[in-house]
Amino acid sequence: MASAPSSAGTRRRMPTAIKILVAGGFGAGKTTLVGAVSETEPLRTEEVLTDRGVGVDDLEGVETKRTTTVAMDFGRITFGEEFVLYLFGTPGQERFWFMWDEVALGALGAVVLADTRRLADCFPAIDYFERRGTPFIVAVNCFEGAQRYEADEVKQALQIGPGIPVLLCDAREKESSKEVLITLVQHAMKLRAAR
Amino acid sequence: MNYPPQEPEHERWLDESAGPLVRPYVMTSGRLQPVRGEFDLITLVEATGPAPSVAIGLGPEHLSIIRLCQTLMSVAEITAHLDLPTGTVRVLLGDLLDKGLVTVQEPQPEIDMQDLRMYQAVIDGLRAL
Chain Z
1 MASAPSSAGT RRRMPTAIKI LVAGGFGAGK TTLVGAVSET EPLRTEEVLT
51 DRGVGVDDLE GVETKRTTTV AMDFGRITFG EEFVLYLFGT PGQERFWFMW
101 DEVALGALGA VVLADTRRLA DCFPAIDYFE RRGTPFIVAV NCFEGAQRYE
151 ADEVKQALQI GPGIPVLLCD AREKESSKEV LITLVQHAMK LRAAR
Chain A
196 MNYPPQEPEH ERWLDESAGP LVRPYVMTSG RLQPVRGEFD LITLVEATGP
246 APSVAIGLGP EHLSIIRLCQ TLMSVAEITA HLDLPTGTVR VLLGDLLDKG
296 LVTVQEPQPE IDMQDLRMYQ AVIDGLRAL
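Residue numbers (my numbering), protein chains in the order written: chain Z, 1 to 195; chain A, 196 to 324.
Derived from the structure by calculation, the hints contain no laboratory data. Keep in mind it's a predicted model, so treat the numbers as computed, not measured. Hints may be right or wrong, so weigh each one.
[Claimed, not checked] Pairwise CB distance ranges, derived in the manner of DEER restraints: (1) A/V221 x Z/R148: 28 to 38 Å; (2) Z/A151 x A/V217: 28 to 38 Å; (3) A/P245 x Z/A157: 54 to 64 Å; (4) A/Q228 x Z/A157: 35 to 45 Å; (5) Z/R195 x A/I251: 33 to 43 Å; (6) Z/G80 x A/E301: 42 to 52 Å; (7) Z/R131 x A/Q228: 35 to 45 Å; (8) A/A250 x Z/A193: 46 to 56 Å; (9) Z/Q156 x A/G295: 52 to 62 Å.
Cβ atoms here follow ideal geometry from the backbone N, Cα and C, with glycine treated the same way.
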């Protein structure tokens, strides 16, 4: 991989940065999943937006010209000196699609976190990644007290393609969250290899 | 549908979420775009040296970035540590890159991400967590 620093010289080689998105509706557990595997406490990056960026057909959120702050929580996992992986919990609302564009550019893939109590909340994310061709999987976060469904039932309800992995997870658990990410990377790798 | 918490009806000074009293655009002299560089959220940045003691044309936020980037850091991490909007940090980083005070590494473009070895390294790394 070509990864020479922009000003060449004797400085050491920088690692390659990789990003994975964790999308889903509000409260689906995005930050929880990021925090379960991140080597640091999740950090928050914010973008200040004016009406310019916000969907004009949305009358509920923005009535007058004002600024909106869109926040993303993110975490980091360093793999030796060669790779550093960033996990971004992306804002779930469809009206922030323009921020998804920025974050999705160059992403290895995306995890769509689904909450079976509000399954429709993850539709915009699925539509978006399908349209954009970003490799994605669906992870159903099994909240305590939430009615449990089988992965196949959720898959049918979401009407996604047969090749897209759907698995159940507990975003609070490190092992479970690791499994989600491994499933995504394996899926993305398969898609790349098939090209 | 769920929306983020509504902003207050009238802009107020100094409530708990008032943020910095210096508006972000003041730090960038009103500029919206960096003079150099793209600065993706995962672009990696490292200072080329310690913060200069005489810093003509640099603001305190520029110096904060240089101090932070004594160790390698992504644009997203810089924005989080300085609690500044991404757009503002991009402009400041462009100034620093232009003056040779930082080196950057933009991430791989999507089209080049076909390195299967990278996928395997990430899978192995995750398993070992």
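We went through each hint and held it up to the structure:
1. A/V221 x Z/R148: 28 to 38 Å: violated, 52 Å
2. Z/A151 x A/V217: 28 to 38 Å: violated, 50 Å
3. A/P245 x Z/A157: 54 to 64 Å: The hinted range 54 to 64 Å holds for A/P245 and Z/A157, with Cβ atoms some 57 Å apart.
4. A/Q228 x Z/A157: 35 to 45 Å: holds, 44 Å
5. Z/R195 x A/I251: 33 to 43 Å: violated, 51 Å
6. Z/G80 x A/E301: 42 to 52 Å: Hint violated: Cβ distance 21 Å, outside 42 to 52 Å.
7. Z/R131 x A/Q228: 35 to 45 Å: For A/Q228 against Z/R131, whose Cβ atoms are near 28 Å apart, the range 35 to 45 Å is violated.
8. A/A250 x Z/A193: 46 to 56 Å: The hint (46 to 56 Å, Cβ to Cβ) holds, given that A/A250 and Z/A193 are roughly 50 Å apart.
9. Z/Q156 x A/G295: 52 to 62 Å: Given about 57 Å between the Cβ atoms, the range holds.
In this structure, the hints that do not hold are numbers 1, 2, 5, 6, 7, in rising order.
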